[in-house]
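Trainee: Below, each chain spelled out in residue letters.
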Amino acid sequence: MRTDIQIQNMMKNTYNLVLQGLIFSIIFFGLNACDDNDLLPFNDIPVVESYLTINKPISLQISRKTAYDENVALSEDDINGLQVKIKFDNQSRIIPSSGNGLYTDLAFIPQEGTTYELEFTFNNKTVTSSTQIPSKPVNFQQSVSTIEVQGITMGGGFGGGPGGTRPEMPDPVKLTWTNNDSGYYMVVIENVETSPTAIYDFGDNADDAPRRIFRNEPTQSNQYEIAAMNFQYYGRHRLILFHLNAEYAALYNDNGTTSQNLTNPITNVENGLGIFTGINADTLMISVVEP
Amino acid sequence: MMKILKKIVYTCTIVTVFQLVVYSQSSSEIILDKQYYGSMDQVLDRISFDKGILFSYNKRKLSEYNTDDNTVNQTLNKLLDKWCLELKMEWYIDGSNIINIVGKNRTPEITSKNIEAKRTYFGKPRNFNVLISGKITDASTGEAIPFGSVSIPGTNKGAQANQDGYYTFQNIATDTSKVAVSSVGYKTRYIYLTPDMPKTKLDVKLEPISFEVEQVEVTAQRNSIARNNDKVSSIQMTPRKLAELPNIGERDILRSFQLMPGVSAANEGSSGLYVRGGTPDQNLILYDGFTVYHVDHLYGFFSAFNPNAVKDVQLYKGGFESKFAGRLSSVTEITGKDGNSRGFNFGGDLSLLSANVYTEVPIGKKITSLFAFRKSYQGPIYDKIFKQYNTAQDQQAVQRPGGGPGGGFGNNYAAQVSSYFYDLNAKMTYKASDKDLVSFSLFNGTDNLDNGMKLDMPDFMRDAGRGFSSDNTDLTEYGNLGASLKWSRRWNSKLYGNTLFSYSNYYSNRDRSNNRTMTDEDGNVETFKMGTLESNDLRDYSFKSDYTYDISEKNQLGFGVQLTNYDIDYNYSQNDTSVILDISSKGKLMGGYLQSKLKLFDHHLTLTPGIHATYYGVTGKTYAEPRLSASFDLNDKLKIVGAWGEYYQFANRITREDILSGSRDFWILSDDESIPVSKATHYIIGTNYDTKNYLFSIEAYYKQLSGLSEYSLRFNPNPGRRGVNYEQNFYTGKGFARGIELLAQKKYGNLTGWVSYTLAQARNQFDVYGKDYFPAAQDVTNEFKAISIYRWRNWSFSGTWIYTTGRPYTAPEGGYNVTLLDGTEKTYISAGLKNSRRLADYHRLDLAVNYFIKSRDRQTDRGSVSFSLFNVYDRKNIWYKEYQIVENEIISIDKEFLGITPNLTLTLKLK
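If you read the sequences in order, they're chains A and B. Under my numbering, the first residue of the first sequence carries the number 11, and numbering increases by one thereafter. Under my numbering, the first residue of the second sequence carries the number 40, and numbering increases by one thereafter.
Since the hints were derived computationally from the structure, they do not count as laboratory data. Backbone N, C-alpha and C fix where the C-beta goes; we use that ideal spot for every residue, glycine too. Treat each hint with caution, since some may be false.
DEER-style ranges, computed between Cβ atoms [as the list claims (entries may be wrong)]:
id	chain 1	residue 1	chain 2	residue 2	range
1	A	294	B	915	52 to 58 Å
2	A	191	B	650	29 to 35 Å
3	A	301	B	928	46 to 52 Å
4	A	148	B	807	39 to 45 Å
5	A	161	B	416	56 to 62 Å
6	B	932	A	148	32 to 38 Å
7	B	925	A	188	48 to 54 Å
8	B	807	A	248	40 to 46 Å
9	A	134	B	745	35 to 41 Å
Pairs of lysine-lysine residues, derived as BS3-like cross-links and limited to a Cα-Cα distance of at most 30 Å, are as follows [as the list claims (entries may be wrong)]:
id	chain 1	residue 1	chain 2	residue 2
10	A	184	B	865
11	B	676	B	593
12	B	865	A	135
13	B	474	B	117
14	B	865	A	146
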């Protein structure tokens, strides 16, 4: 019997010990959990993305910045419930939300030369920006309207050999325009065919298919040459020359993606991030054909 | 007998022998009581007869010279000095008490053999408060040993030799005292003075410690027999035996300093020294007197100093003396080898990284020369490091021009051009006279990192002369070229001077561009360059003249002047048309200093007050830097040290953040407008306990910093003005660094080594980042290092283990994407609080085994075979983090330092 009592006492002691341990653990981990719940600093400001262009209704995409840490304090403001205002010529228009952070007004078509000011409140801060639509490019010209590009088959290996097809290398397509005030311009080249034929064999994997659109970076030059080898597909291509504001050119300036070089990105949105800018464009066409 | 006499007459040398009378004073100090005149040989004969002194001289030569100087009541040594000056001869008393009168430079050196550690004189001392002076040299090569120590064992009395090996030791109690002469890496030699030794030409030769003799190589200078060294916070190292420590490809002087307390070791990517919370550009590096501005080889993995060409290195971690100026944090003083004066020597090393050869050629008796050359080759280690460091940088690059199939072409026709580093050292030393030494030293270290690609349309793809080629250049070339011409003169046994002219050029060129050449059907060639071009060219012309004057045994005066003329150009452009930055700065520094080293309280207290004043031409102001250091011996083992000082820096290394091609450094001068002249104040206190076998040391420091600069170049588009799209910002701030360093060292025995621990903090405050102090990028809280060397016969086994707190870094706060006009998405990441987080702790174990090849007589080393294993347990230490946004989430990828890497080195030498 005494042994049973001893065993019972032992069990009781063990139980107490375990219980104490558990309570201690709960308190300890609970405290730790409390620590974990301490919110890390996060500047919750919105990201704006809007290109104003003539002949197209105004449209703004507003989104939240992705937080690096999980436990950060986020604003309770609804990204779809913002009072987004565009002010111009002493007028002010509220742009309605279309959901998913998109704000559009089909009746609001921006005009060249007018200054548009964006304003809304998010996280108790007034977010503002302003821009103008630059002038339409002048004297946009191309050296040729058709270019012959010889494809290469991968039969003998791209590096050549008897099986390889001998390509012809035509002169590059030279695009010119007037740029007397060192403005920013950018050329985007886009294949407009529904199902274009690739110039270079990229194999069977559709994922390897090259993009149908390519570009240069914003330049203050008045010309651009498209090397023949940059074309990936046969068919009609749209050559779009954008006249840009400086804030768009700034988007191409990287701000670092490593812990050694992180700096804050350049933006023209006050109390926010992203881009609110006007653009203008002119378009030419070119055909890429097989010789 | 007749024959012998005849012989003596023929040789025209006469030795007059009289019975030696024991005088209570040295024979040269006898006061003459008669007037002697006539030919010199007759005068000496008569003095010899009257006073019983022995002379040895060339009778024919001395008979040609007459003297009628007043000799009554004159001491013989003063007369001998005067006569020898007129005769252009020298005199000395040899061990047999004979006064020898000989031609210039014919006084025999007191070699290690005749000052062996045994007592030969048992008489009474004849002179008190004796002064001895001379030169300490290496017995095997004849080279001067810098900063050796001369002391009286068991007392606080001592003196330190200067950089050229000369020493002056005053007020030694008697001319029969026992004197110890020592230096790191050499056997300590004891000299028993005798009354008749030549006290002012007491040259001492020290035998280098062979690998079988037990003494640890890298040693805190204050620890061993060199007790009387009064310099606070200094470490001395002789690179001769660095082979014993584990290495990765190269024995490395600066890397070895990183094993000492107070010098951060968590920097695989920089061989520059982070001393006590300072940055490498706050460390003044002097190589044979000229400033070296860049020390990194191969992404900073190695330093540019070839150990085969370096004799001695001193690191002053803080509180350094008034002679040095121009840097906030520390001083590294490197002395190049003079070259063997005893004969031709040749040697070299071959490792998996580089080949290293050197030769030492004496020319006649007065000239020594040394030439050393080291070049890397693209062996396995070079490739591994290049790949490791280069991949990381490459990933930061944007897509190269000519995307799409261009990538395909690139892969097929790319040819990577070779990358390498080299350095060469040349030194020539001319011993113009017993008192004058002229040396010329040249150093050039260059890195050439080439990551370029060449894309050439193959012939079969060319058509009727029309073609297209594209070179993707990614070339970084940087290095340092420096030279100095130094004249050292020992004016007398108390005054020593060095005068130096130097030139130092740091160059850094970066060409990360795409060179396109197009040839049309008419054969017209058009070339255009797109990308980043950068160059920095710093030229430093300096003049220095430094003197030490031993006023008395209790006071040594140091003074000098320094002039520097800076000429710095920096150019940064994009494409070959748009110049973003074009900075040209010129400036003059004119300075002088005065310091006194006082020994008080029976040599227990050494006090070194001093001041350095600099006039800086750019600001037109004069900057005064008062300094004071002290050391107090409580007993023969325990010492308390302390220092305080103010320091200014005028030339700054600025880091330009470069997102595309890695951050780039360039040197620029302070202007007190955008870049302030930076200032530091050091406070140091410490103690060390030094026994025969062990050293324990504690030092605490506090460093206050102001006028710190940070640079940023921001894109600031300006549509109206082509190319002026960047805005420079110089952010200024202040900071402090503080810490405690502990060192325990075992100096003797088969097992030697040390453990060290540093607790430190480095904080900065820049208004641009807010009002609060933030951890500086080099801030490391805990740093523990254990170094151990075990010697057994011809083998040595060594290991080093390093543990440090992770470095601070800036984490992202958030990120977002923007859709560009061509439909592509671009990621932007915004920065969180500056340096608010820490990388994982850094730790690493390195091991090495060395086998030493001995000469046939087993007296000297002929080389070694070394096997090293770096990062033995393959710790994935983090270099930095890279961020990407994937599916609306920012992910971080760790970029790591080097993993486990073996290396094999073969070292051979003729002597």
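Trainee: Does each hint fit the structure? Answer for all of them.
Mentor: Do the hints match the structure? See the list:
1. Under the hint 52 to 58 Å, the C-beta atoms of residue 294 of chain A and residue 915 of chain B, about 54 Å apart, fit the expected range.
2. For residue 191 of chain A paired with residue 650 of chain B, a C-beta distance near 59 Å fails the hint of 29 to 35 Å.
3. For residue 301 of chain A paired with residue 928 of chain B, a C-beta distance near 48 Å keeps the hint of 46 to 52 Å intact.
4. In this structure, residue 148 of chain A and residue 807 of chain B meet the distance hint of 39 to 45 Å, their C-beta atoms being roughly 42 Å apart.
5. At roughly 43 Å, the beta carbons of residue 161 of chain A and residue 416 of chain B sit outside the given window of 56 to 62 Å.
6. The hint said 32 to 38 Å for the Cβ distance between residue 932 of chain B and residue 148 of chain A, and at roughly 46 Å that hint is violated.
7. Evaluation of the 48 to 54 Å hint for residue 925 of chain B and residue 188 of chain A yields a failure: the beta carbon distance comes to about 43 Å.
8. A hinted range of 40 to 46 Å holds for the C-beta pair residue 807 of chain B and residue 248 of chain A, which are about 45 Å apart.
9. Between residue 134 of chain A and residue 745 of chain B, the C-beta spacing of about 37 Å keeps the proposed range 35 to 41 Å intact.
10. As the CA atoms of residue 184 of chain A and residue 865 of chain B are separated by approximately 28 Å, the hinted pair is consistent with the 30 Å bound.
11. Pair hint residue 676 of chain B plus residue 593 of chain B holds up; C-alpha atoms about 21 Å apart against a cutoff of 30 Å.
12. Distance hint between residue 865 of chain B and residue 135 of chain A is fulfilled; the C-alpha atoms sit about 26 Å from each other, no more than 30 Å.
13. For the suggested pair residue 474 of chain B and residue 117 of chain B, the alpha carbons sit about 20 Å apart, so the restraint of at most 30 Å is met.
14. A C-alpha spacing of about 26 Å is found between residue 865 of chain B and residue 146 of chain A, which places the hinted pair at or below 30 Å, so the restraint holds.
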